[in-house]
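Q: Given next are the chains, with one letter for each unit.
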Amino acid sequence: MKVLVPVKRVVDYNVKIRVKADGSGVETANVKMSMNPFDEIAVEEAVRLKEAGKATEVIVVTVGPTAAQETLRTALAMGADRGILVQTDAETQPLAVAKVLKALVDKEGPTLVILGKQAIDDDCNQTGQMLAALLGWPQGTFASKVVAGDGAVTVTREIDGGLETVELTLPAVVTADLRLNEPRYASLPNIMKAKKKPIETLAPDALGVDVAPRLTTLKVAEPPKRKAGVKVADVAALVDKLKNEARVI
Amino acid sequence: MAILVIAEHDNAALKPATLNAVTAAAKIGGDVHVLVAGQGAQAVADAASKIAGVAKVLLADDAAYAHPLPENVSPLVVGLAKGYGHVLAAASSEGKNLLPRVAALLDVAAISDITGVVSADTFERPIYAGNAIATVKSADPIKVVTVRTTAFEAAAATGGSATVESVAGTGAAGTAKFVGQELTKSERPELTQAKIVVSGGRGMQSGDNFKLLEALADKLGAAVGASRAAVDAGFVPNDYQVGQTGKIVAPELYIAVGISGAIQHLAGMKDSKVIVAINKDEEAPIFQVADYGLVADLFKAVPELTAELDKA
Chain A
1 MKVLVPVKRV VDYNVKIRVK ADGSGVETAN VKMSMNPFDE IAVEEAVRLK
51 EAGKATEVIV VTVGPTAAQE TLRTALAMGA DRGILVQTDA ETQPLAVAKV
101 LKALVDKEGP TLVILGKQAI DDDCNQTGQM LAALLGWPQG TFASKVVAGD
151 GAVTVTREID GGLETVELTL PAVVTADLRL NEPRYASLPN IMKAKKKPIE
201 TLAPDALGVD VAPRLTTLKV AEPPKRKAGV KVADVAALVD KLKNEARVI
Chain B
1 MAILVIAEHD NAALKPATLN AVTAAAKIGG DVHVLVAGQG AQAVADAASK
51 IAGVAKVLLA DDAAYAHPLP ENVSPLVVGL AKGYGHVLAA ASSEGKNLLP
101 RVAALLDVAA ISDITGVVSA DTFERPIYAG NAIATVKSAD PIKVVTVRTT
151 AFEAAAATGG SATVESVAGT GAAGTAKFVG QELTKSERPE LTQAKIVVSG
201 GRGMQSGDNF KLLEALADKL GAAVGASRAA VDAGFVPNDY QVGQTGKIVA
251 PELYIAVGIS GAIQHLAGMK DSKVIVAINK DEEAPIFQVA DYGLVADLFK
301 AVPELTAELD KA
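Listed in order, the protein sequences are those of chains A and B. Per UniProt numbering, numbering through the first sequence is continuous, rising by one, with the last residue being 249. Per UniProt numbering, numbering through the second sequence is continuous, rising by one, with the last residue being 312.
Just so you know, the hints here were simulated from the structure itself, not pulled from any lab data. Hints may contain errors.
[As the list claims (entries may be wrong)] Cβ-to-Cβ under 8 Å is the rule here; a few derived chain A residues that face chain B:
id : residue
1  : GLN118
2  : THR141
3  : PHE142
4  : SER144
5  : ASP160
6  : THR217
7  : GLY229
8  : LYS231
Yeah, the Cβ is synthetic: ideal placement off N, Cα and C, and Gly gets one too.
Chain A on its own, in the form it takes in the complex (with noise of 0.2 Å):
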């Protein structure tokens, strides 16, 4: 089976953003950019589906500036064979990543989706149910163990009280939680490899897909700061202010 996996560009998640002094959102000029951390995920859990002999071909697809090519090929070394870039430079939202996904889906068929739960740029958690939902397919969501079987996948998913198992006919969509694997450091010999896979570059038009916006943004902020608290010497001291000055306990 083939396995599809969509990958972002974001802001790396080690640098603090700034918001832009105009209000219109966040400074992304200059600053490290890498792949969303659940997407690593994603594809580490394609390539090892293809290493274990369940998956013959994983493709990535990115939808996003030319730049977003870098993406592709970190993914490309970690072991994907080839990748997709949607280009275009409007902002992309879910919705529409959705459309351009399944526009894609049907043009390659692949039987499993697996996509990160939340790009950290936006963390909207969104792209995957939507994806299934246009396509019609079952959904495992925050994944944190994936086995896929003849004709079916079961999904372990992370849930607000612990875990939940859910089986998914497929072709079905999943999303990575955090726990699902431990993405690898792509090696040097198979950075340079990744450099002669093939990348197809399309546009949305071709595809049929009208990505603008349905939200706009009206303004960017930044949230209200903490005032600097205090040290305290001890845990008597700690234990007073507690009760007498924050009264929490």
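Based on these hints, arrange chain B on the given structure of chain A.
A: Structure of chain B alone, referenced to chain A:
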């Protein structure tokens, strides 16, 4: 236009997160209706009908809804949604699983994890792990919204007298099957609902050492949480994790023990009313958000704190 709130429940009892979603609905303005999709969930519908401010409860009782599988529940919500201006649910693992699916089927955007209602079509939501707050406006005819429960007070669970109306189920999609669940058993309050949370990080050094925090938590009637580092190290189960991609909490008192304070962790707790940090590293970033910081060896300070509370 009325607002449809999707109730979260286990067929026996209504989960408190629903009450916060009802408050967000009330802020948007309009009649608030609550959908209970379940099996044998009459008691849940009755409880929902008593929530202050709820005008009507829709009960879809069907074997297909015994578990909240989004494949089965989404067609039901989509069918009902056409009569509403908004569909809301708590931004819990259940709400986040269901509502984007509903939105896509309606061909509308979903608005995740709102922390503020500016107007009926404009909402505030955190992005970049809460390091920025975006104000977004939706042009879609139906707004599909998940609500960050810590940002809205719970509606009163009693005082209402809504009518309960049965609605027909839409059956099972047949593509997803519930196999089982393993819920973490605890006598302590639920992490996202607790008034006090005691969390441990990498500094705890082992799962066994979490007993120190449990003793303190029991003294305070608190829930126990953890940082990602502590969960990754296997000290505690995954559902203890507080942070950007774990649980979001905003208790009256949050006690961070042996937690350095990565931005991803702060994203999950910085709206707590009072934050206490106990860490032996005085440079730890957690002290920058803590109201009260104690630079100390946690293995001494935590038992001392527990003992000190005993005295009172």
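Q: All hints, please: hold or fail.
A: Here is what the structure says about each hint:
1. Here the hint on GLN118 (chain A) is kept, as its CB sits about 7 Å from the closest CB of chain B, short of 8 Å.
2. With a least beta-carbon distance of about 5 Å to chain B, the hint placing THR141 (chain A) at the interface is held under the 8 Å criterion.
3. For PHE142 (chain A), the suggested interface contact is upheld, since its CB lies about 6 Å from the closest CB of chain B, less than 8 Å.
4. Here the hint on SER144 (chain A) is kept, as its CB sits about 7 Å from the closest CB of chain B, short of 8 Å.
5. Look at ASP160 (chain A): its Cβ gets to within about 5 Å of chain B, closer than 8 Å, so that hint holds up.
6. For THR217 (chain A), the suggested interface contact is upheld, since its CB lies about 5 Å from the closest CB of chain B, less than 8 Å.
7. Against a cut-off of 8 Å between C-beta atoms, the interface hint on GLY229 (chain A) holds, since the closest Cβ of chain B lies about 4 Å away.
8. About 5 Å separates the beta-carbon of LYS231 (chain A) from the nearest beta-carbon of chain B, less than 8 Å, and the hint is met.
Taken one by one, the earlier hints all hold for this structure without exception.
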